[in-house]
Amino acid sequence: MSVRIILLHAGVILALFLMQFLASDYVVLTFTRIMVLAIYALGYNILFGYTGLLSLGHAMFFATGLYGAALGVTRFGLGVPEAMLVAIGLGIIVSTVIGAVSLRASGVAFMIVTLMFSQAAFLTVLYFGDYTRGDEGIVISDEFRRFSLFGLEADLANPVLRYNLALAFLALAVAVTLAVIRSRAGHVLVAIRENESRTAMLGYDTARYKLLAFVLSGAFAAFSGASYALMFAYAGSTLASIQYSIHPLLWTLLGGAATVLGPVLGTALMFLLVDFASGFTSASLLVVGVALILLVLFFPKGILGTLRQRYLPWLP
Amino acid sequence: MSLLLETRALSRSFGGLKAVEAVDFSLSRGEVRAVIGPNGAGKTTFVSLISGRIAPSSGSIVFAGEDVTALPAFRRVQRGIAYTFQITSIYANLTAEENVALAAHRPGTHAGRDYLARVGLADRAAQRSGTLSYGHQRLLEVAMGLALRPKLLILDEPTQGLSDSEIESFIGLVRDVARDATVLLIEHNMPVVMTLAHRITVLDRGRILAEGRPEDIRASDAVQRAYLGTG
Amino acid sequence: MSFFPHLLLALLEGTVAAAVLALSALGLSLVFGVMRIVNVAHGEFFMLGAMLAWWIAKMVPGGPLAGFLAALMLAPALVGLLAFATERLLLRRIGYDPEATIVATIGLMFVIQQLALSVFGADAKPVAAPFTYRIAFPWFGFSGYKLFVVAASVALLLGAWWVLARTRFGLIMRVTQFDRETATAFGIPVNQVYAAVFVIGAALVAVSAVLIVPIQQAHYLMGLDPLLMSFIVVIIGGLGSIRGSVLAALIIGLADGVISMFFTPTLASIIATLAVALVLVVRPQGLFGVPAR
Numbered sequence: 002m003s004v005r006i007i008l009l010h011a012g013v014i015l016a017l018f019l020m021q022f023l024a025s026d027y028v029v030l031t032f033t034r035i036m037v038l039a040i041y042a043l044g045y046n047i048l049f050g051y052t053g054l055l056s057l058g059h060a061m062f063f064a065t066g067l068y069g070a071a072l073g074v075t076r077f078g079l080g081v082p083e084a085m086l087v088a089i090g091l092g093i094i095v096s097t098v099i100g101a102v103s104l105r106a107s108g109v110a111f112m113i114v115t116l117m118f119s120q121a122a123f124l125t126v127l128y129f130g131d132y133t134r135g136d137e138g139i140v141i142s143d144e145f146r147r148f149s150l151f152g153l154e155a156d157l158a159n160p161v162l163r164y165n166l167a168l169a170f171l172a173l174a175v176a177v178t179l180a181v182i183r184s185r186a187g188h189v190l191v192a193i194r195e196n197e198s199r200t201a202m203l204g205y206d207t208a209r210y211k212l213l214a215f216v217l218s219g220a221f222a223a224f225s226g227a228s229y230a231l232m233f234a235y236a237g238s239t240l241a242s243i244q245y246s247i248h249p250l251l252w253t254l255l256g257g258a259a260t261v262l263g264p265v266l267g268t269a270l271m272f273l274l275v276d277f278a279s280g281f282t283s284a285s286l287l288v289v290g291v292a293l294i295l296l297v298l299f300f301p302k303g304i305l306g307t308l309r310q311r312y313l314p315w316l317p
Numbered sequence: 524m525s526l527l528l529e530t531r532a533l534s535r536s537f538g539g540l541k542a543v544e545a546v547d548f549s550l551s552r553g554e555v556r557a558v559i560g561p562n563g564a565g566k567t568t569f570v571s572l573i574s575g576r577i578a579p580s581s582g583s584i585v586f587a588g589e590d591v592t593a594l595p596a597f598r599r600v601q602r603g604i605a606y607t608f609q610i611t612s613i614y615a616n617l618t619a620e621e622n623v624a625l626a627a628h629r630p631g632t633h634a635g636r637d638y639l640a641r642v643g644l645a646d647r648a649a650q651r652s653g654t655l656s657y658g659h660q661r662l663l664e665v666a667m668g669l670a671l672r673p674k675l676l677i678l679d680e681p682t683q684g685l686s687d688s689e690i691e692s693f694i695g696l697v698r699d700v701a702r703d704a705t706v707l708l709i710e711h712n713m714p715v716v717m718t719l720a721h722r723i724t725v726l727d728r729g730r731i732l733a734e735g736r737p738e739d740i741r742a743s744d745a746v747q748r749a750y751l752g753t754g
Numbered sequence: 284m285s286f287f288p289h290l291l292l293a294l295l296e297g298t299v300a301a302a303v304l305a306l307s308a309l310g311l312s313l314v315f316g317v318m319r320i321v322n323v324a325h326g327e328f329f330m331l332g333a334m335l336a337w338w339i340a341k342m343v344p345g346g347p348l349a350g351f352l353a354a355l356m357l358a359p360a361l362v363g364l365l366a367f368a369t370e371r372l373l374l375r376r377i378g379y380d381p382e383a384t385i386v387a388t389i390g391l392m393f394v395i396q397q398l399a400l401s402v403f404g405a406d407a408k409p410v411a412a413p414f415t416y417r418i419a420f421p422w423f424g425f426s427g428y429k430l431f432v433v434a435a436s437v438a439l440l441l442g443a444w445w446v447l448a449r450t451r452f453g454l455i456m457r458v459t460q461f462d463r464e465t466a467t468a469f470g471i472p473v474n475q476v477y478a479a480v481f482v483i484g485a486a487l488v489a490v491s492a493v494l495i496v497p498i499q500q501a502h503y504l505m506g507l508d509p510l511l512m513s514f515i516v517v518i519i520g521g522l523g524s525i526r527g528s529v530l531a532a533l534i535i536g537l538a539d540g541v542i543s544m545f546f547t548p549t550l551a552s553i554i555a556t557l558a559v560a561l562v563l564v565v566r567p568q569g570l571f572g573v574p575a576r
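Protein chains in written order, with the working numbering: chain A, 2 to 317; chain B, 524 to 754; chain C, 284 to 576.
The hints are simulated quantities; they were obtained by calculation from the structure and are not laboratory data.
For every residue, glycine included, the Cβ atom is placed at its ideal position computed from N, Cα and C.
Careful: at least some of the hints might be erroneous.
[As the list claims (entries may be wrong)] Quick list of in silico lysine to any residue cross-link-like pairs, SDA-like style, CA-CA up to 20 Å:
| id | chain 1 | residue 1 | chain 2 | residue 2 |
| --- | --- | --- | --- | --- |
| 1 | A | K302 | C | G378 |
| 2 | C | K408 | C | L507 |
| 3 | B | K541 | B | P561 |
| 4 | B | K674 | B | D637 |
| 5 | A | K302 | B | N616 |
| 6 | A | K302 | A | L313 |
| 7 | A | K302 | C | E382 |
| 8 | A | K302 | A | L274 |
| 9 | A | K302 | B | A615 |
| 10 | A | K302 | B | R651 |
| 11 | A | K302 | A | L316 |
| 12 | A | K302 | C | K341 |
| 13 | A | K302 | C | A383 |
| 14 | A | K302 | C | P381 |
| 15 | C | K341 | C | P413 |
| 16 | B | K541 | B | R531 |
| 17 | A | K302 | C | P413 |
| 18 | A | K302 | C | R375 |
| 19 | B | K674 | B | T592 |
| 20 | B | K674 | B | F597 |
| 21 | B | K674 | B | P595 |
| 22 | C | K408 | C | A349 |
| 23 | B | K674 | B | I694 |
[To be verified] Chain B is faced by these chain A residues, among others (derived, beta-carbon under 8 Å):
| id | residue |
| --- | --- |
| 24 | N196 |
| 25 | A201 |
| 26 | D206 |
| 27 | T207 |
| 28 | L298 |
| 29 | K302 |
[Claimed, not checked] Derived coverage of chain B by chain A (criterion: at least 3 residues anywhere in the stretch with Cβ under 8 Å from a Cβ of chain A; other residues may be distant):
| id | stretch |
| --- | --- |
| 30 | 607-618 |
| 31 | 626-637 |
The whole structure should be built from the sequences, with the hints applied where relevant.
Below is the structure:
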């Protein structure tokens, strides 16, 4: 891997690290949220940006992580690290099953099927309202968010710990993404996006590679969902709704699909845009809708995609 | 010579149309075989059945001693059957080198350069393949076939759209390939067929009409009537 | 109530649901069949149809019947107008790219939803049925209006079938569906056909909304359910196959009616979705679709 690629990504992480010493508490909190959700978008980008598969149902994997962690600590007596691992494991299992079924469909049918599975998952969350507390959601009390790891006591209610943990998770997610897309498998994923039938005729098991991308993105989503639940002490059914399947698509499109940092940038910008717009309208959905339409019409490659095309061809 | 490929009663119909009907076909190792026939004779369907792009309605395919009839296309490719498309199917957004590296199963490396050199495209390695000329895209397609290092290389109308000089070097290339692979060639250009093929199979309306050495086929009345006469 | 009357009621309700479902899915199926695009804002066209029906019925004097008839004329026309604008300003500009269309119409879905909330508010809006005749069964009474809805849907479906199979416009649509290039070569103004199909699809779903709103009430979030149900219908029926869609709507509507009667609607929806998954495992091209070669 070339030096400037490593420098660029390390630089972004370093900048985010230094930011906490300059920014207000409110900004630190906002960026904690952005970094956790950016992990979701990073995984989505592996499937959508690099493999060319547009899923409209990733909220179900996000929700798997979210409820896996929330129920894990509140109902099953798991500690925070164990709950994280269980939640990610569940995300991998669920996305393997759903992926194996929905990847039988392709193109438009794939999008619709993922959307419907996600809706079924959302309804399931409501159906088991006794456990999930439906719309109202599970509030995780502070006692469940304290844990010790390697002899160190930690409390997720502490904003500084939370910010740096989110940053570490984000760094991990970026590193994994970079490793994946620069690996042999990563090149095959791009080949599938560019010309799937040709890739099969070169002797690649395209179904297996597509499932790999699907499960990777599902695991990222569950990782993000579990972190979200534990760091912000909340798991509610809105976070499992269709809107939460659309969000990572929007963030990825805005920042630039098939660029590593695009989803991170897109998540941050969209958050700040909605934050800014909330000053004079309560209609955050309107902002999301208009952004989607404008992106498709005028800016289909997103910010980093356009930058790469014009000025920075080396950008991964 | 030992047998590389054999089809037994291989058939495929689309609706009521029998595109390939009860074809018994065998191919020896090291051979260069041409399949000729009028348009709609079922040539492309026949090689698509061999490569696994379409499934047969009935019959079986044995490759290198193994029944591959039920194997999906990618597994047949892994076993050494390479297919180069009649209508070029390359990765238009990737560079020529990336195309061939994917075929060599070493994407992200420079493993494709040798193959590009063999088809005379070494100086085009870094060019986006969608911007290559049509003739160069055809050659890139052949380079991808070579990079698979196949036991059997199926070339579907490889000289279509090539200039005379490109055809000249292409003939040399196939001879070169034939030293370590078996070649199955669908071709309309009769001089190319006559120069390259050891044996020729003539398909007509999904059936084998004749098979033999080039000079026999040229002399055959049936072939003249069905094909050469109308061409 | 004993089992049989219970089942009869479930079947009657299911038939009503199936009729409306077939009608709303028809629009989606038509648009996909001819234009090869999926309109995610389809459900919002439905919601707008219902909202406009409420608004028109409120504005028009002369009782529920006059209001209903006015809504049946005007609401589909207005929704059609919006569809026309969408086709011209959005879909045509992105070249009907399937993926971009989905993303753009998701955006449109959010925009319409939010605007409907701002303009009409968040409360559910009842519309009076044009007539209140009840059919008396030995065990229960059943709304005559609901049976009228079934009859009207069947009539519209037959009408749509007749247009497709028997008229010149239907032929033009079928040629365009078969292959865009061929259609262009035959001198068919493909762009105008696309616009017409998109407008008709939206108008059809608006009609189904006007029909349903006296039964269901209008609400700004009501579009999601018919959208998902229409998706299920066109997938099970085979994308682009209108006959398959109608058949699938009948199966799903009846099944939904019966299951909802005995279980909760949430569970019914979950079951329906999982059934679709099963269908896809067995037949990725849908029950009545033609497999791709």
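Cross-check of the supplied hints:
1. K302/A - G378/C: Status holds; Cα separation ~16 Å.
2. K408/C - L507/C: 17 Å, holds
3. K541/B - P561/B: 15 Å, holds
4. K674/B - D637/B: Between K674/B and D637/B the Cα gap is close to 18 Å, so the pair holds against 20 Å.
5. K302/A - N616/B: Answer holds: K302/A to N616/B is near 14 Å, not above 20 Å.
6. K302/A - L313/A: Holds, at roughly 14 Å.
7. K302/A - E382/C: 13 Å, holds
8. K302/A - L274/A: Holds: K302/A and L274/A sit about 19 Å apart, inside 20 Å.
9. K302/A - A615/B: 18 Å, holds
10. K302/A - R651/B: Holds: K302/A and R651/B sit about 18 Å apart, inside 20 Å.
11. K302/A - L316/A: 14 Å, holds
12. K302/A - K341/C: Violated: K302/A and K341/C sit about 46 Å apart, past 20 Å.
13. K302/A - A383/C: 11 Å, holds
14. K302/A - P381/C: The hint holds at about 16 Å.
15. K341/C - P413/C: 13 Å, holds
16. K541/B - R531/B: Roughly 16 Å separates the two Cα atoms, so the pair holds.
17. K302/A - P413/C: Since the Cα atoms of K302/A and P413/C sit roughly 51 Å apart, the hinted pair is violated (cutoff 20 Å).
18. K302/A - R375/C: Holds. K302/A to R375/C sits at ~19 Å (cutoff 20 Å).
19. K674/B - T592/B: Given that 20 Å is the threshold and the Cα spacing comes to 17 Å, the pair holds.
20. K674/B - F597/B: With Cα atoms ~15 Å apart, K674/B and F597/B stay inside 20 Å; holds.
21. K674/B - P595/B: 17 Å, holds
22. K408/C - A349/C: It holds: about 18 Å lies between the C-alpha atoms, which stays within 20 Å.
23. K674/B - I694/B: 19 Å, holds
24. N196: Given a least distance of 5 Å, the restraint on N196/A holds.
25. A201: This hint holds: A201/A lies near chain B, its Cβ roughly 5 Å from the closest one there, short of 8 Å.
26. D206: It holds, given that the least Cβ distance between D206/A and chain B is near 5 Å, below 8 Å.
27. T207: 7 Å, holds
28. L298: Nearest chain B Cβ about 22 Å off; hint violated.
29. K302: 12 Å, violated
30. 607-618: Contact hint for the stretch 607-618 of chain B vs chain A: holds, 7 residues under 8 Å.
31. 626-637: Held - the stretch 626-637 of chain B has 5 residues with a Cβ nearer than 8 Å to chain A, which meets the minimum of three.
Of the hints listed earlier, those the structure fails to meet are numbers 12, 17, 28, 29, in rising order.
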